[in-house]
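Engineer: Just so you know, my numbering puts 444 at position 247 of the sequence shown, and the rest follows in order with no gaps.
Bear in mind the hints are in silico, worked out from the structure with no lab data behind them. Take these hints with a grain of salt, some might be off.
[Said to hold, decoys possible] Listed next, with one range per pair, are the computed distances between beta-carbon atoms:
(1) Lys407 - Gln324: 30 to 36 angstroms
(2) Ile429 - Ser547: 23 to 29 angstroms
(3) Met330 - Cys440: 21 to 27 angstroms
(4) Leu531 - Asp433: 49 to 55 angstroms
(5) Ala475 - Lys407: 22 to 28 angstroms
(6) Ala475 - His590: 39 to 45 angstroms
(7) Pro397 - Val369: 37 to 43 angstroms
(8) Val571 - Glu249: 46 to 52 angstroms
[Unchecked claim] Heads up, simulated DSSO-like pairs for lysine-lysine below, C-alpha to C-alpha not over 30 angstroms straight-line:
(9) Lys314 - Lys398
(10) Lys427 - Lys498
(11) Lys427 - Lys525
(12) Lys525 - Lys441
(13) Lys570 - Lys339
(14) Lys254 - Lys287
For glycine and all other residues, C-beta sits at the position ideal for the given N, C-alpha and C.
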Amino acid sequence: MAYIPPHMRHAKGGAASSTPSPAPPPESVIPRFQRNLNISSKNYAARIVYAENAISKWFVVGLVDESRVSNLARLEPVAMDYFDRKSGEKPLVLVLKENGGEASEFSENPWIFVVEKVKEDLVSSFQQVKDEMRGSEFGEIKPTLVLRFGRIFFHGNRSFTAESMKGRSLPVHTLKQLHKSLYTNIPPSYAEYITSDVIPKIDFEFEEEKELYHVKLSDNTQPDSTISCKCIVAKDTNQLELCKIELNQVRHLVADMSCLDKNLDLRLMLYTKRILVALTDEEFENIKSLISSARLDSEVKGGLRWPLGKQSSGDRYTVIGVWHTNAKTFRNSLMRLKLRHADRFDFRTSRGEVANEVSLKMPGVVSLLREQKVNSDLALEMIRDNLKLIWMHFLSCDSFT
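All chains, full assembly: derive it from the sequences and hints.
Structural biologist: Next comes the structure, spelled out in structure tokens:
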């Protein structure tokens, strides 16, 4: 992949839509009443759930002096059909101006800056996760620390519309007030580049390739949650087979980073999932019945359909979404790299998206943080080394269209 000097990198148009990840308010601890966002109707669960004291922040990475953002960068629109249909406005990305600064303006070791920005939040968030795990009575809680790649999109608020911000250079304190989301759909060529060029250089070994169907259910007894059923296709019957039942993610830390000297941005996220093990026989059979009534259909988004009247189980469980994913996983002793192709359909909005996504999980760091006496210095050193690897190999994408 050809190297593009920072001052020559500009925003490009958007790709086919993927499910965006709306970010909570910047630099904030989210109070209880804001935990459940984006509820389409009172009968459906929230798409995204935040822990009671979740931490969310956004910051710029790559500059020696953050106050220089307004001098060196501006907001530019990108064409995204998903957002155009939903809000009528094009999202914006933060890009360098044509004369985007001298080399001395850019940090030589941005991964050190990132760790300094997140270390206190990460340690405190993981302590809350450990407390939650000790108090869990209804299922195994699994913590995950992940880095996701994409572009940070900026959206209008009450003070600014997207149109009024187009082409403007705004100070950091104003950018922090804007609504943001992470767009994770990357070009297929980028996934191919990771597989063919990056993985051989970084000592990752192929672990597995897996095809899954994720059936999302609402449960009217748990309006704050979504049940996710991981399923495979049984070879002998060609029908869905239920493998695991989980509750939706609960986010504890979200750190979004606009990487000005790169053309991809980052999200560092700590979240938990609860694997349900305390279902009654009746609950399990109702869920299993919903899964078994699904029919494979490659002509519909998400790859599954239900016969008329079979999309609900009694008055409790209802199918609200389907994901059909094909993922390749590579790993070393500390990290797991996943390249995933996802075909999604949301029954609540009647919208479907197809996305190619790359993420990097850090189970090695999680193992350290789970220890009774946490060696936070070693954990942060591992994160710093992982970020350095990412900056050197993962954040250059020829085109984000």
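Engineer: Okay, which hints does this one fail, numbers in order?
Structural biologist: 4 and 8
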